[in-house]
Amino acid sequence: MMTALRARSRVSDLVVLGTLVLLAVVVPLANLLVPSDSIFHLSTFSVTLIGKYLCYALLALSVDLVWGYCGILSLGHGAFFALGGYAMGMYLMRQIGDRGVYGNPLLPDFMVFLNWQELPWYWWGFSHFPFAMLFVVLAPGLLALVFGWFAFRSRVTGVYLSIITQALTYALLLAFFRNDMGFGGNNGLTDFKEILGFDLHADGTRVALLVTSAVALALAFVGCRAISNSRYGRVVVAIRDAEDRVRFLGYRVEHFKLWIFVVSAVLAGIAGALYVPQVGIINPSEFSPLNSIEVVIWVAIGGRGWLYGAILGAVLVNYAKTQFTGLLPEAWLFVLGALFVLVTLFLPRGVAGIGRAAAAK
Amino acid sequence: MNDAIMKAAVPPVNVTATAVDAGIDTRSAADEQQDLLHGSILYLNGITVSFDGFRALDNLSLVIARGELRCIIGPNGAGKTTMMDVVTGKTRPDDGQAFFDRNTDLLKLTEPEIARAGIGRKFQKPTVFDQLPVYVNLELAMRADKGVWATLFARLSGEQRDRIDSVLHTIGLIECRRLHAGALSHGQKQWLEIGMLLMQEPQLMLVDEPVAGMTHQETERTAELLVSLAGERSVVVVEHDMEFVRSIARRVTVLHEGRVLAEGDMDTVQNDPKVIEVYLGS
Numbered sequence: 001m002m003t004a005l006r007a008r009s010r011v012s013d014l015v016v017l018g019t020l021v022l023l024a025v026v027v028p029l030a031n032l033l034v035p036s037d038s039i040f041h042l043s044t045f046s047v048t049l050i051g052k053y054l055c056y057a058l059l060a061l062s063v064d065l066v067w068g069y070c071g072i073l074s075l076g077h078g079a080f081f082a083l084g085g086y087a088m089g090m091y092l093m094r095q096i097g098d099r100g101v102y103g104n105p106l107l108p109d110f111m112v113f114l115n116w117q118e119l120p121w122y123w124w125g126f127s128h129f130p131f132a133m134l135f136v137v138l139a140p141g142l143l144a145l146v147f148g149w150f151a152f153r154s155r156v157t158g159v160y161l162s163i164i165t166q167a168l169t170y171a172l173l174l175a176f177f178r179n180d181m182g183f184g185g186n187n188g189l190t191d192f193k194e195i196l197g198f199d200l201h202a203d204g205t206r207v208a209l210l211v212t213s214a215v216a217l218a219l220a221f222v223g224c225r226a227i228s229n230s231r232y233g234r235v236v237v238a239i240r241d242a243e244d245r246v247r248f249l250g251y252r253v254e255h256f257k258l259w260i261f262v263v264s265a266v267l268a269g270i271a272g273a274l275y276v277p278q279v280g281i282i283n284p285s286e287f288s289p290l291n292s293i294e295v296v297i298w299v300a301i302g303g304r305g306w307l308y309g310a311i312l313g314a315v316l317v318n319y320a321k322t323q324f325t326g327l328l329p330e331a332w333l334f335v336l337g338a339l340f341v342l343v344t345l346f347l348p349r350g351v352a353g354i355g356r357a358a359a360a361k
Numbered sequence: 001m002n003d004a005i006m007k008a009a010v011p012p013v014n015v016t017a018t019a020v021d022a023g024i025d026t027r028s029a030a031d032e033q034q035d036l037l038h039g040s041i042l043y044l045n046g047i048t049v050s051f052d053g054f055r056a057l058d059n060l061s062l063v064i065a066r067g068e069l070r071c072i073i074g075p076n077g078a079g080k081t082t083m084m085d086v087v088t089g090k091t092r093p094d095d096g097q098a099f100f101d102r103n104t105d106l107l108k109l110t111e112p113e114i115a116r117a118g119i120g121r122k123f124q125k126p127t128v129f130d131q132l133p134v135y136v137n138l139e140l141a142m143r144a145d146k147g148v149w150a151t152l153f154a155r156l157s158g159e160q161r162d163r164i165d166s167v168l169h170t171i172g173l174i175e176c177r178r179l180h181a182g183a184l185s186h187g188q189k190q191w192l193e194i195g196m197l198l199m200q201e202p203q204l205m206l207v208d209e210p211v212a213g214m215t216h217q218e219t220e221r222t223a224e225l226l227v228s229l230a231g232e233r234s235v236v237v238v239e240h241d242m243e244f245v246r247s248i249a250r251r252v253t254v255l256h257e258g259r260v261l262a263e264g265d266m267d268t269v270q271n272d273p274k275v276i277e278v279y280l281g282s
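Those protein sequence lines, which keep their order, are chains B and A.
The opening position of the first sequence corresponds to residue 1 in the working numbering, with each subsequent residue numbered one higher.
The opening position of the second sequence corresponds to residue 1 in the working numbering, with each subsequent residue numbered one higher.
Don't take each hint at face value.
As the list claims (entries may be wrong) - Selected chain B positions facing chain A (Cβ under 8 Å, derived; list incomplete):
hint	residue
1	Arg99
2	Gly100
3	Phe113
4	Arg225
5	Arg234
6	Val235
7	Val237
8	Ala242
9	Arg247
10	Phe248
11	Leu249
12	Tyr251
13	His255
14	Phe256
15	Trp259
The hints are simulated quantities; they were obtained by calculation from the structure and are not laboratory data.
Glycine included, every Cβ here is placed at the ideal spot set by N, Cα and C.
Only chain B is shown next, with the shape it has when bound in the complex (with noise of 0.2 Å):
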């Protein structure tokens, strides 16, 4: 039975990194070579959504391995994706230079508005690319790291972790929200123009940015079972079940938390870099405590503790939301909630868990 659950799950794994790689080649194809009147051509629309929902896979991914793993619920995820895609917005606004609104070659828009002289300091250097992807990975990384230390030190776990975590996501969402935080308040970082001086609204970019996205996550997936595959993956799944057992064989059980939380939220905090370009837009509503459960949401439907479960059903539940909220938005929340409780109910182990028990007989 073991050997054909783990056969199966390499077969899944293999899937899941065929079919990333498979859409790195063929979208390119239908989108830029097919033309336009063909059945096969696939409309840039499309292949911004689909972009979108590569940088959802790769949160819920991020998601999984602290919660599906090291049974850290985390309600807080959403922030560390906010401020990957906030590090990227940045370089973003740089990148429009005098092309803004007021003209103004050294301030954003939203600043002349304010009436600002002069960039502030934390805005220093976000011109230039691997400066504002070294932040893309710190931001989140360090939150991360500082607030993971203080919590697993003081050994907070289960629901009072959740809590704090979601408090540190609303937290931020009202500190963003705040126009002299310099980060254009409510409005967020918008109007992009260029990325490393390619039309942000070009078919090729768009695409480019759609590759970027699979391998980027074909990459996480794969490190991410690296990690699991690991003696290190088996000894947080041993904290996840039973901790205390875990301290008394001399395992560091504040470490290895510490480790995987920060190793998710820079995961997280790439996937709202890569959204940020793609989606165009980047605002203080994306630390809503309410995006953060909808992940949460996302993994337990797709099946948690696999990796391949979480990339499922990220995709299946946000495939599902843009066609629900094109018949009948108003209906959305109810049916994700009412996903949740069925699956909950009748799937525990969730979408992925069919195939798993099929496997199993």
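Use these hints to put chain A onto chain B, whose structure you have.
For chain A alone, kept in the frame of chain B given last:
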């Protein structure tokens, strides 16, 4: 015992320091304490633990000799589990001293540090990792570098595989090595946890109710195993099953209301009027 050799081998600084810390002013008491410390693997002195005014341990003193197999018995609430919590760092006492291997101050270490120093513990309720295979349960318990980076890149060496296999044979779970631990019977889980303890290669093993829920044969095998381990390691067993205690114990300590009521071989203890009154009586 060969006191001269022990004294030569051990720097006397720590020993004197502890005697001073304890505020023992008479020279003879200090000497006595020094002697106790020398041959001991575990030395508890005046340990007091209170929970909301209730004294779970009341000035408890206990010395376990190197290589000894000691049984600890006592009615519910006597403080047996609390004592183990103190030794393994889970509970900090309000007062007292706890030394491991003569000069390791247990009260200054965290749980993982104590485990790494060489104290292993088996819980009252068998606690194994249900979602992981039996084999992995043993691998995680194995004495090795237990840091984050080390475990990320850890690979089992041939020697380590042999070690796991030999423990699997000892605990009779070689056939179940690939099963998830959650699929084992209660008795098998007890054995797996004992196996995990063996993998840790501790100098001192604290074993809380090892035969609860075991069949008669399993109990006998457990007794054999624990007896065979003593000598090489020190073993402290907390158990309610008197027949089992009689079958393995050379020395028995009776706890009552957080302090030592009696200590000695099984017959002495069983005939002690105080013990009969509180525990074995009726």
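Against the structure, the hints come out as follows:
no.	hint	result
1	Arg99	violated, 46 Å
2	Gly100	violated, 46 Å
3	Phe113	violated, 47 Å
4	Arg225	violated, 13 Å
5	Arg234	holds, 5 Å
6	Val235	holds, 6 Å
7	Val237	holds, 6 Å
8	Ala242	holds, 5 Å
9	Arg247	holds, 4 Å
10	Phe248	holds, 5 Å
11	Leu249	holds, 5 Å
12	Tyr251	holds, 5 Å
13	His255	holds, 5 Å
14	Phe256	holds, 6 Å
15	Trp259	holds, 5 Å
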